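Quick note, the sequences are listed as chains H and X, same order. If you're matching positions, the first sequence starts at 1149 in my numbering and goes up one per residue. If you're matching positions, the second sequence starts at 19 in my numbering and goes up one per residue.
Please note: incorrect hints may appear among the correct ones.
Between beta-carbon pairs, the in silico distance windows are [unchecked claim]:
1. H78/X x A1236/H: 41 to 47 Å
2. T1172/H x A110/X: 21 to 27 Å
3. H1173/H x V89/X: 27 to 33 Å
4. D117/X x G1261/H: 45 to 51 Å
It is worth saying that the hints were derived from the structure and are not from the lab. In this text, all values refer to a predicted model and were calculated from it rather than measured experimentally. In this text, a Cβ means the ideal position worked out from N, Cα and C, and glycines have one as well.
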Amino acid sequence: MHLILFFLFAGFCLAGAINLLLQTHPINSALSLIVVMTSLAVLYLLLGAEFLAIAQIIVYAGAVMVLFTFVVMLLNAGREERTLGSRAASRVGFPAVVALFAVLSTILLRAQGLGSAHLGQGLTNAPGQSNLVLLSQVLFHELLLPFEVTSVLILIAILGAVALAHAEGSKTGGSERMAEK
Amino acid sequence: MSFLQHDVPLSWYLLLSAVLFSLGVIGFLIKRNLITVFMSIELMLNAVNLSFVAFAYQWHEVRGQIFVFFVMMVAAAEAAVGLAIIIAVFRARATLAVDRIDLMKL
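Bound conformation, chain H alone (with noise of 0.2 Å):
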């Protein structure tokens, strides 16, 4: 059952990303990457991590992707022109990337001692323990300061999100406060 479901979401997985770097119009590209990031949710859960694969589903594949499919809308995105790209690029990129590819996959098939991954095992075993109580409890007990740290990060991009994207022409207080800085 295991080996169906990750060869089934790896192959959605897989189909998505390539996907992405073929469609021409970036709606097209933003829903192959919605449908990446829910079945890395449905890989999440199959690796014992509930709380993550919601939170991927509510963050990425909810929050972030209606973003980025507003953004498109927004700024009326058509389709991209190919061109060439820059010679550094091909020349560079493209081996580097093949190095990596080798490199990576080199380490993670010779790494001796990765287990294998059995459904309905999560990171404990014990009677009355939960992925979900041993998450929470190191989160908001001994991480708790980071926790907040986090939050204030995003109220800090909120804002910038906002004086960024003011209009600049709208003679409002936004763009002013931009010119004094």
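Starting from the structure of chain H, add chain X where the hints point.
Chain X alone, transformed into the frame defined by chain H:
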């Protein structure tokens, strides 16, 4: 059926993560649209998250999953700021083609 009880080696998950990361790098190199280049970066982040989850499973270490949670939060912030920058660039340049946005100076 023994096929149904078969476990998946973790190295396959890691290999999938490596393939996704490489596809993200290729997308970053070949895509000519600013938004799609940004999507390739998100694809690379997701690939790294998958390997984090796989290693967390391997060593029964919940901090790997928490790291993925933080990566997600930072990626959401990054997407918000990055797309705002893309909107600002589009206002200044009226194009999304990366070939025409090759100067830092406006």
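Cβ-Cβ distance between D117/X and G1261/H: within 45 to 51 Å? Once the Cβ atoms are compared, 47 Å apart, the range 45 to 51 Å for G1261/H and D117/X holds.
Taking the CB of T1172/H and the CB of A110/X, does the distance hold inside 21 to 27 Å? For T1172/H and A110/X the Cβ distance comes to about 24 Å; the hint holds.
Confirm or reject the claim that H1173/H and V89/X have a C-beta distance inside 27 to 33 Å. holds (28 Å)
H78/X paired with A1236/H, Cβ distance criterion 41 to 47 Å: Check passed, 44 Å falls within 41 to 47 Å.
Going through the hint list in order, the structure satisfies each hint without exception.
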